[in-house]
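Sequence order for the protein chains is A and P. Here the working numbering is used: the first residue of the first sequence is 31, the next is one more, and so on. Here the working numbering is used: the first residue of the second sequence is 1135, the next is one more, and so on.
Some clues are possibly wrong.
Using 30 Å as the maximum straight-line C-alpha spacing, the simulated DSS-like pairs for lysine-lysine come out as follows [to be verified]: (1) A:102 / P:1306; (2) A:54 / A:69; (3) A:74 / P:1260; (4) A:58 / P:1179; (5) P:1159 / P:1179; (6) P:1260 / A:69; (7) P:1271 / A:71; (8) P:1271 / A:66; (9) P:1303 / P:1264; (10) P:1260 / A:95; (11) P:1179 / P:1158; (12) A:63 / A:90; (13) P:1241 / A:66; (14) A:95 / P:1158; (15) P:1303 / P:1271; (16) A:95 / A:58; (17) P:1179 / A:102; (18) P:1246 / A:63; (19) P:1246 / A:54; (20) P:1306 / A:69; (21) P:1159 / A:63; (22) P:1246 / A:69; (23) A:71 / P:1158; (24) A:58 / P:1260.
Read the hints as simulated data drawn from the structure, not as lab findings.
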Amino acid sequence: MSEAEYLGFEVKEKKRGSFERWIKAIRKDERTKTLKQLKQKIEKLELFTFKGTNIDLVVKDEVLKIIEEMEK
Amino acid sequence: MKTKDEIHPELKQFFEKAKKKGWKKGQHLFNFLDETDMMRYDNIKEKLVRDKWKDAYEGERFAREECEKEIKQLKEKESKLVELVRNLECEITSYEVETNRNHSEIKRLQNKLGNARLQTINRIRKEIEKFENPYPKDIFRWNNKEKMEITRGRFNQFAYETVENVREKVLKILEGRNE
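All chains should be modelled from the sequences, with the hints used to inform the complete structure.
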């Protein structure tokens, strides 16, 4: 069963290849878009400031880097 | 080196006198000397014995004083050593106390930092969880009867799941970092 069929789409044999590519492209787009939005949300986020440490900024950077890694 | 039979120079004159009167080795001088010479001989002999004892006493006193001096020096050294050891003990104790204090302070700060990190991560997690999925979850209103290959509902479902998967993946990685 192809991915498109698994999702419930009826795909004609002739168009199966192009349809799969289309699904993959959409998934990639949605993934990129979501990661970008999450990144923006976290960048805008005003965190608590812990006296004598910059742990909040460090953690924020870590999370942003994780998202950047996922974007690649 | 003096021999046992050697006569002391101070007593030699009495023996010379006695020799002249026929004294021979082993005989008592009493029979060959007059009373004055005998008394002088006895006095000198007594003095010599006294001096000998005096020398011995002086020698012993000197040795005792030297020993006492040495004992005093040793005691001074000992008290200095004891003082050094006490100072060292004090320093070791204060170092240990300081080290323990530092360890507990480091532990406290590590805990504080850990808590701060945890709080920040949790805050970010909440924000990610709150992130609104732009696609509706419950729309399945596509028309299966039509020949159209993809409906809006199916697309929404697919896109919604993709966004949720991305969110879950980010949260999972964060959880892994948090452990």
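Verification of the hints:
Using a Cα cut-off of 30 Å, the hinted pair residue 102 of chain A and residue 1306 of chain P holds, with the two alpha carbons roughly 18 Å apart. Note on residue 54 of chain A and residue 69 of chain A: the hinted pairing holds, with a Cα-Cα distance of about 22 Å set against a maximum of 30 Å. Straight-line distance between C-alpha atoms of residue 74 of chain A and residue 1260 of chain P comes to about 14 Å, which keeps the hinted pair within the 30 Å bound. Taken as a hint, the residue 58 of chain A and residue 1179 of chain P pair is broken in the structure, with Cα atoms around 131 Å apart against an allowance of 30 Å.
Proximity of residue 1159 of chain P to residue 1179 of chain P is assessed by CA-CA distance (about 18 Å); at most 30 Å being required, the pair is judged to hold. Between residue 1260 of chain P and residue 69 of chain A the CA atoms are separated by roughly 14 Å; this keeps the pair inside 30 Å, and the hint holds. Between the alpha carbons of residue 1271 of chain P and residue 71 of chain A the distance comes to roughly 21 Å, so the proposed pair stays at or under 30 Å and holds. At most 30 Å may separate the alpha-carbon atoms for a hinted pair to count; residue 1271 of chain P and residue 66 of chain A meet this at roughly 21 Å.
Note on residue 1303 of chain P and residue 1264 of chain P: the hinted pairing holds, with a Cα-Cα distance of about 15 Å set against a maximum of 30 Å. Between residue 1260 of chain P and residue 95 of chain A, the direct Cα distance comes to roughly 18 Å. Compliance with the 30 Å bound is thereby established for this hinted pair. At roughly 19 Å between alpha-carbon atoms, residue 1179 of chain P and residue 1158 of chain P fall within 30 Å of each other, so this suggested pair holds. For the hint linking residue 63 of chain A to residue 90 of chain A, the alpha-carbon distance of about 20 Å falls within 30 Å, and the restraint holds.
Among the hinted pairs, residue 1241 of chain P with residue 66 of chain A is inconsistent with the structure: their alpha-carbon atoms are about 38 Å apart, more than 30 Å. For a cut-off of 30 Å, the pair hint linking residue 95 of chain A to residue 1158 of chain P is broken: about 126 Å separates their Cα positions. For the given pair, residue 1303 of chain P sits about 19 Å from residue 1271 of chain P by alpha-carbon distance, which is consistent with the 30 Å threshold. Distance restraint check for residue 95 of chain A and residue 58 of chain A: the Cα-Cα separation of roughly 19 Å lies within the 30 Å cut-off, and the hinted pair is therefore satisfied.
Between residue 1179 of chain P and residue 102 of chain A the CA atoms are separated by roughly 121 Å; this puts the pair beyond 30 Å, and the hint is violated. Under the criterion of a C-alpha separation no larger than 30 Å, the hint pairing residue 1246 of chain P with residue 63 of chain A is inconsistent with the structure, at around 36 Å. A C-alpha spacing of about 45 Å is found between residue 1246 of chain P and residue 54 of chain A, which places the hinted pair above 30 Å, so the restraint is violated. The straight-line distance between the Cα atoms of residue 1306 of chain P and residue 69 of chain A is roughly 16 Å, inside the 30 Å bound, and the hint therefore holds.
For the hint pairing residue 1159 of chain P with residue 63 of chain A, the CA-to-CA distance comes to about 138 Å; that exceeds 30 Å, so the pair is violated. The suggested pairing of residue 1246 of chain P with residue 69 of chain A holds, with an alpha-carbon distance near 27 Å, which does not exceed 30 Å. Straight-line distance between C-alpha atoms of residue 71 of chain A and residue 1158 of chain P comes to about 136 Å, which puts the hinted pair past the 30 Å bound. Under the criterion of a C-alpha separation no larger than 30 Å, the hint pairing residue 58 of chain A with residue 1260 of chain P is consistent with the structure, at around 25 Å.
Hints 4, 13, 14, 17, 18, 19, 21, 23, counting from the list given before, are not met by this structure.
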